[in-house]
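Q: Chain residues, written in single-letter form:
Protein chains: 2
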Amino acid sequence: MPRIVDHDQRRRSIARSFQDQVAERGFGATTYAVVAAAAGISVGTIQHYFANRDELLRFAFDDLLRAQDERVAAVVAAGEADRQTIREIIRSALRELLPLDEERRRTYVVTQQLRTEAWHDTGLRDLALAADRHVHEAVRTAVVNGTACGEVSPDADPDPAASRILATANGLAHQVAAAHLAGRPLLAPAASDLILDPVLATVFTGRCTRHDPPRP
Amino acid sequence: MPRIVDHDQRRRSIARSFQDQVAERGFGATTYAVVAAAAGISVGTIQHYFANRDELLRFAFDDLLRAQDERVAAVVAAGEADRQTIREIIRSALRELLPLDEERRRTYVVTQQLRTEAWHDTGLRDLALAADRHVHEAVRTAVVNGTACGEVSPDADPDPAASRILATANGLAHQVAAAHLAGRPLLAPAASDLILDPVLATVFTGRCTRHDPPRP
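These protein sequence lines are chains P and G, in that order.
Heads up: the first sequence is residues 0 to 215, going by numbering that gives the first Met the number 0.
Heads up: the second sequence is residues 0 to 215, going by numbering that gives the first Met the number 0.
Only chain P is shown next, with the shape it has when bound in the complex (with noise of 0.2 Å):
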């Protein structure tokens, strides 16, 4: 089905340029002209491939949660193929939540955008949430395989361990973006590890038993 194919591929190469053109010059400035002009189309041909303007930003914010949910996959992936611990583990998965590089910081302005747009747009609203209930659940389901694996203490309540996670992983984002702002170095990885790391110890106080040998 080829026609397909291309119809979801130009949707979301939109997308990509209105994504673009949001995180240089933001979103109030993001007209349908504007993006037309970006990707060398007509604006009838975006009005072809989105009904109106929520649904154009509804599929733009969809791609980017989508695609930083694919980078922590394959860091979680990676991670476990390595036998890391799931402290390891969820710490590397947090840095792709931190915008350390170019890709993450465009994605980290442009949800930024969107998510202040969602206090006003029950769509975007409804799809901001859900990209935090999904994190929510990842980060509380490492906790409770955490605690089986003997990492977390057994009297860890999964909740407010995952909700300071990542509240201290978010607010951490905004720092590093506000020094990329004031024309600051990034903020390193070894930086932002001195921020996590005692919050993650505040949560997995111990070891895990999973890749020790089979008693004698």
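Hints listed in this document are in silico derivations from the structure and should not be mistaken for laboratory results.
Keep in mind that the hints are not guaranteed to be accurate.
[To be verified] Covered stretches of chain P (chain G as the covering partner; in silico rule of three or more C-beta atoms under 8 Å from a C-beta of chain G):
#	stretch
1	19 to 32
2	122 to 131
3	145 to 152
4	165 to 171
5	197 to 204
[Unchecked claim] A partial selection of chain P residues facing chain G, derived with a Cβ cut-off under 8 Å:
#	residue
6	A38
7	S41
8	F49
9	Q111
10	T115
11	E116
12	H119
13	L180
14	I194
Glycine included, every Cβ here is placed at the ideal spot set by N, Cα and C.
We have chain P already, so just place chain G on it with the hints.
A: Just chain G now, kept in the frame of chain P:
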């Protein structure tokens, strides 16, 4: 000088109308006409008090940050009068950053919108960065004072310590706001302590000796 007082009051009153409309409708929809109608004045009156939209934005942002600053200063003064530990005072001060009631929620929503604009407006950017630095310096000073009085280990590095505390508080503010958006009940102060307290405990590891009786 009654006319100068009146001038300042009128500017503040217009800025508050602007903030109300941004909180309710979003930044993009808050035109001069909308602000004028809500304030019961003419667009010409706004133009008389503000040279342009940028000046109104900066004044309105600055006004919000000052009001928040005054609330934090009042909390700190009350804690000091009550001879609280630095950790207790900082915990109460950080709660002022959380959108736990209508006034703080309004501040949060409008500041987030203006912070998002700051990505593409150098005047707002400077204000946002100065506000971040100001709060960072205040928390950093609390950590340094904590080192002097025994609440913080002499080995603690005050910059990452302050960054960690503020990252968690800012990320928590986002979660509280998202809970409100989702129509869930606002996080109770006790629940917010489940997030913040263990992070404060990574920095405030000792006991304040300031109020100890002198040794015999």
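Q: Against each hint, give a clear statement of whether it holds in the structure.
A: Tested hints:
Using a Cβ-Cβ cut-off of 8 Å, 5 residues of the stretch 19 to 32 of chain P lie near chain G, which meets the minimum of three, so the contact claim holds. With 4 residues having a beta carbon nearer than 8 Å to a beta carbon of chain G, the stretch 122 to 131 of chain P meets the requirement of three or more and the stated coverage holds. Using a Cβ-Cβ cut-off of 8 Å, 0 residues of the stretch 145 to 152 of chain P lie near chain G, which falls short of the minimum of three, so the contact claim is violated. Coverage of the stretch 165 to 171 of chain P by chain G holds [criterion: at least 3 residues with CB-CB distance below 8 Å; count 7].
Against chain G, the stretch 197 to 204 of chain P contributes 4 residues with a C-beta closer than 8 Å to a partner C-beta. That satisfies the three-residue criterion, and the hint holds. The beta carbon of P/A38 is not positioned within 8 Å of any beta carbon in chain G (closest approach about 20 Å), and the interface hint is therefore violated. A distance limit of 8 Å between C-beta atoms decides the matter here; for P/S41 the minimum to chain G is near 24 Å, and the interface restraint is violated. Interface restraint check: P/F49 against chain G, minimum CB-CB distance 19 Å, threshold 8 Å, status violated.
Hint status for P/Q111: holds, given a least beta-carbon distance of 6 Å to chain G, under 8 Å. Using the Cβ-Cβ criterion of 8 Å, the hint placing P/T115 at the interface with chain G is satisfied: the shortest such distance is roughly 4 Å. Interface hint at P/E116: satisfied, since its Cβ lies 7 Å from the closest Cβ of chain G, which is below the 8 Å cut-off. Evaluation of the P/H119 hint against chain G yields a held restraint, the C-beta minimum of about 4 Å falling below 8 Å.
Taking 8 Å as the C-beta cut-off, the interface hint given for P/L180 holds, the closest approach to chain G being about 6 Å. Below 8 Å, beta-carbon pairs count as interface contacts, and P/I194 has one with chain G at about 5 Å; its hint therefore holds.
When each numbered hint is compared with the structure, violations occur for hints 3, 6, 7, 8.
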